[in-house]
Amino acid sequence: MKLVIPAVAEGNMETEVHDNFGRATFFAFIDTETEEIDFVENTAAKKSSGAGVGAAQLCADNEADIVTAYHFGPKAFKALTAAGIEVLDLNEQKLIKEVYSDYKAGKLAEAEAGPGGHH
Amino acid sequence: MAEEISLSILSGKGGTGKTTLAVNLALALENVQLLDADVEEPNDYLFISPEIESKETESVMRLIPEVNDDKCTACRKCVDFCEYNALAMMLDNVLVFEEVCHSCGGCKIVCPEDAITEKEKELGKLRHDSLSNLDFWQGELNTKEEKAVPVIEKLKTKIDRDKKVIIDSPPGTTCPTIEAITDTDFTIVVTEPSPFGLHDLKMVIEMLNEIEQPFAVVINRAEADSDYLIEDYCQEEGIKIILKIPFSRKIAELYSEGIPFVDKLEGWDEKLQQLYQEIREEALKQ
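In the order they appear, the protein sequences are chains Y and W. Mapping the first sequence onto this note's numbering, position 7 (from 1) lands on 7, and the numbers just tick up by one. Mapping the second sequence onto this note's numbering, position 125 (from 1) lands on 125, and the numbers just tick up by one.
Hint data in this document are derived by calculation from the structure and do not stem from the laboratory. Computed from a prediction, not measured in an experiment: that's the story for all the values here. The C-beta atom is built at its ideal place from N, Cα and C for all residues, glycine as well. No false leads were mixed into what you were given.
List time: in silico EDC-like cross-link candidates among lysine to aspartate or glutamate, alpha-carbon distance up to 20 Å:
#1 Lys2/Y / Glu33/Y
#2 Lys78/Y / Glu98/W
#3 Lys78/Y / Glu66/W
#4 Lys78/Y / Asp69/W
#5 Lys47/Y / Asp80/W
#6 Lys77/W / Asp61/Y
#7 Lys47/Y / Glu98/W
#8 Lys78/Y / Glu99/W
#9 Lys78/Y / Glu145/W
#10 Lys154/W / Asp135/W
#11 Lys78/Y / Glu146/W
#12 Lys144/W / Glu112/Y
#13 Lys46/Y / Asp80/W
#14 Lys78/Y / Asp80/W
#15 Lys46/Y / Glu83/W
#16 Lys47/Y / Glu99/W
Covered stretches of chain Y, as calculated for chain W (at least 3 residues, CB under 8 Å):
#17 38-48
#18 66-80
Excised from the complex, chain Y in its bound form (with noise of 0.2 Å):
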């Protein structure tokens, strides 16, 4: 299964999440079978609008199984769940290794979709 987490660069398991899923400036894609670990940069974190519906995308094109974030807004949502992706919330992990640990343990909850962004 391949697990994604936002990241706030590119890393290793010490990096921090990015409390901001479409926004995100990296992923870290793991393999939870091989415990691999690699980072995408989120190229839609730079669009005008609609960033969450680009980061949905590029999970989606890496094809991601489970994605996690602190918050997913309407439209991230919509497009993770049409592709098929588990959804899944964060909320006291610092670290990419604390989430991991978290999923490990079957601690992280199923998302809703949240109110979302500013335009």
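Chain W: place on chain Y using the hints.
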């Protein structure tokens, strides 16, 4: 007939007094047209035409793409073309996000399979009421819609240049605001003497200078011991303060009852008429 001018009324933040000034100025003048372009939350009608919902309305439509899944080959050209991420390709299906679509029609043009057609969708409404001496128009963005500009564009097609035109603009410095003030002869910036007021005033002025729009400042909720906040800044920048509306319980009470203060407080009719004439002379000089 004397040449009339168009005025836009603007503020950096909401709640500074745009409505107060727009409504009272419109009522103090004759042969005037008031356009409420604050389409996300128009409220001039509360003072001018409380029953406007029962009056004449006109839809503002826009086009959004519709994808025929039978013709679509999932080539993705439309998704890659869309600058606004209004389209996404998920499991070989194109998803359309109507709210962020700018109605440019580009996706339809780039589709090699002719799978995209456009359908009309109501974006907002214009409402109209005709009072003696005052022609009132209001733009209104529908709930869940995000693009205010086309509603303001349509509203501005109603401008009657034989009248004194007052446009109550959306607050701030974003596209809808710029759309509302573009091509008006002069802008009045309403502010209040507080650090917030000053901060947002500076943002607006930066934007006005950028688009080379002539303007002057009105201080609302003016008070002798705090006006210096705005006055010092304006003096330094060479900006004219053309009116002060005092911080008064009476004015606030009238506002909360939906009564324009020009109807109740003496002297304001004349003051606002004079204000218009001063601005008119200034604007016609430019």
